[in-house]
Structure formats: structure tokens, C-alpha cells
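S.K.: With the hints as your guide, set chain B onto chain A.
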Amino acid sequence: DAKTTQPTSMDCAEGRAANLPCNHSTISGNEYVYWYRQIHSQGPQYIIHGLKNNETNEMASLIITEDRKSSTLILPHATLRDTAVYYCIVRVWNTGNQFYFGTGTSLTVIP
Amino acid sequence: GAVVSQHPSRVICKSGTSVKIECRSLDFQATTMFWYRQFPKQSLMLMATSNEGSKATYEQGVEKDKFLINHASLTLSTLTVTSAHPEDSSFYICSARGQRGADTQYFGPGTRLTVL
Chain A
1 DAKTTQPTSM DCAEGRAANL PCNHSTISGN EYVYWYRQIH SQGPQYIIHG
51 LKNNETNEMA SLIITEDRKS STLILPHATL RDTAVYYCIV RVWNTGNQFY
101 FGTGTSLTVI P
Chain B
112 GAVVSQHPSR VICKSGTSVK IECRSLDFQA TTMFWYRQFP KQSLMLMATS
162 NEGSKATYEQ GVEKDKFLIN HASLTLSTLT VTSAHPEDSS FYICSARGQR
212 GADTQYFGPG TRLTVL
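Note that the protein sequences, when read in sequence, are chains A and B. In this text, residue positions in the first sequence follow this note's numbering: the first is 1, and each later residue adds one. In this text, residue positions in the second sequence follow this note's numbering: the first is 112, and each later residue adds one.
In isolation and in its complexed conformation, chain A is listed as follows (with noise of 0.2 Å):
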């Protein structure tokens, strides 16, 4: 699986739209961009996945560059329960493979 980048931190004011990104420049063709994210001591949740064109879910939107070597999650209006770590993560659909975890991006909503 491609590996990712994320930046290490973002801060992000209530009520505003957060935007993370993710760098996979050497994502394969058949290879999906997959988010979760998980607050402190809890197990990841799943945000939002897809493989060329921008989906949007009740949670976030998910914004995939032409050439798909970099994307963007949106949380369109931050609350404070979005503060957690960010995981972005590219994989093949359907292979049944572990889902490998970088670092992530540890964002925190201020009031």
C-alpha cells in the first residue's frame, strides 16, 4: 500500500470549516483513499473513503486532486467533538489487508 504524509498538528477555530490534507504521490491505480479518525482513548472511527471522485457523507467531505496524489478531508463546520487524530490512509479496495496507520494529524477545534 502507497505510503501517506500528513502535517503533524492543525488547529481549527468552532464553527469553521476544517481542512486536512494528505500526500500519497505514489498511490497506484487501484488503490483507495480511506479516513478515520480517533478521539483520545477510543477505538478509530471511519469518516469517509473513495477512489477518484469527491464524495461527501453526513460527516465530511472527501476532495481527491486530478492525478490523485494528494486529497483533502473537510469537516465542513468544526465543533469541538471533532477534536482527534486524523489518519489517512491508501489501500486497495476489497483485498480483505490490515489497514496500516501512520501518524496522522492531530487536530484540535478551538472554542
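Think of the hints as simulated: they come from the structure by calculation, not from any bench. Hints may be right or wrong, so weigh each one.
[Stated by the list, open to error] Reference listing, derived: stretches of chain B covered by chain A, where coverage requires no fewer than 3 residues with Cβ under 8 Å from a Cβ of chain A:
| no. | region |
| --- | --- |
| 1 | 124-132 |
| 2 | 151-157 |
[Claimed, not checked] Which chain A residues stay away from chain B? Per the calculated CB distances, all over 10 Å, these:
| no. | residue |
| --- | --- |
| 3 | Ala13 |
| 4 | Ala17 |
| 5 | Glu31 |
| 6 | Asn53 |
| 7 | Arg68 |
| 8 | Leu80 |
| 9 | Thr103 |
Backbone N, C-alpha and C fix where the C-beta goes; we use that ideal spot for every residue, glycine too.
M.R.: Coordinates of chain B only, in the frame set by chain A:
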């Protein structure tokens, strides 16, 4: 989304004892379950992959005789930390993957193990 539970959520034990952690998929059948370990301020590290009815596959450096994994049914996997020592103190998290076509993994809430 699918729900995965773990029991216990927190356990404290004496050095040398064995501890069993259960991971259950509550509303779906999990063909594959994964066990992770997370030390403070670090990311999740995969320990092993468990498929229902077969032996677990362990990551390099993980002792299979120390971390016993059983996946006897499509909704239950157990991790037993045998002869636990203080260095085994960690946050243990399981995840479950559904059957074919449902590739997203769902994670349990984790189990905090403290070995005295």
C-alpha cells in the same frame, strides 16, 4: 455504521497472569478481524489478522505464543495475553471487516491493559 464491541474496556492484572480480551461484531458477520496495539502518543500497530475458522497471521515481531488469538465464530474473536508483563501494558483495539463487498473496517472501543 456497523458496531464492534470489546470487553473488558479496562483491565488491571498482576505480572505473570493471563488476560483475555473479547471482540464482537454486533450487527454483522465479520469474516476477518484484526488486532492492534497502541502505546501512549503513538499510532496503532497491527499485531495480527484473524480469519474465522483458521489460524491467525501475525505481524513480524509479534509472538504468537504470547498473544493467542481465537476466531471461532463470525462474530467473536478473542486475544489472550499470556503471562503478561508490565511492558505489555497498552491499549488493545480490534477491528472487524464484513463479508465480500463490505470492505470498510469497523473498530472496537479498545481495551486498556495495565500490568502491575
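S.K.: Per the stated criterion, does the least C-beta distance between A/Glu31 and chain B lie above 10 Å, as a non-interface residue requires?
M.R.: 12 Å, holds
S.K.: If you look at each residue in the region 124-132 of chain B, do at least three have a Cβ nearer than 8 Å to any Cβ of chain A?
M.R.: violated (count 0)
S.K.: Using Cβ atoms and 10 Å as the threshold, tell me whether A/Ala13 really stays out of contact range of chain B.
M.R.: Nearest chain B Cβ is 25 Å from A/Ala13, so the label holds.
S.K.: Is A/Thr103 truly not at the interface, in the sense that its beta carbon sits beyond 10 Å from all beta carbons of chain B?
M.R.: 5 Å, violated
S.K.: Can we confirm that no CB of chain B comes within 10 Å of the CB of A/Leu80?
M.R.: 20 Å, holds
S.K.: So A/Asn53 supposedly isn't at the interface. Is its beta-carbon more than 10 Å from every beta-carbon in chain B?
M.R.: Check passes; 17 Å lies beyond 10 Å.
S.K.: State whether the coverage of the region 151-157 of chain B by chain A holds or is violated, taking the criterion as 3 or more residues with Cβ-Cβ distances under 8 Å.
M.R.: holds (count 4)
S.K.: Hey, is A/Arg68 genuinely clear of chain B, shortest beta carbon separation above 10 Å?
M.R.: For A/Arg68, whose nearest Cβ neighbour in chain B is about 18 Å away, the distance exceeds 10 Å, so it holds.
S.K.: Non-interface claim for A/Ala17: all C-beta distances to chain B beyond 10 Å?
M.R.: Holds, since 23 Å exceeds 10 Å.
In summary, the structure is inconsistent with hints 1, 9 from the numbered list given earlier, while agreeing with the others.
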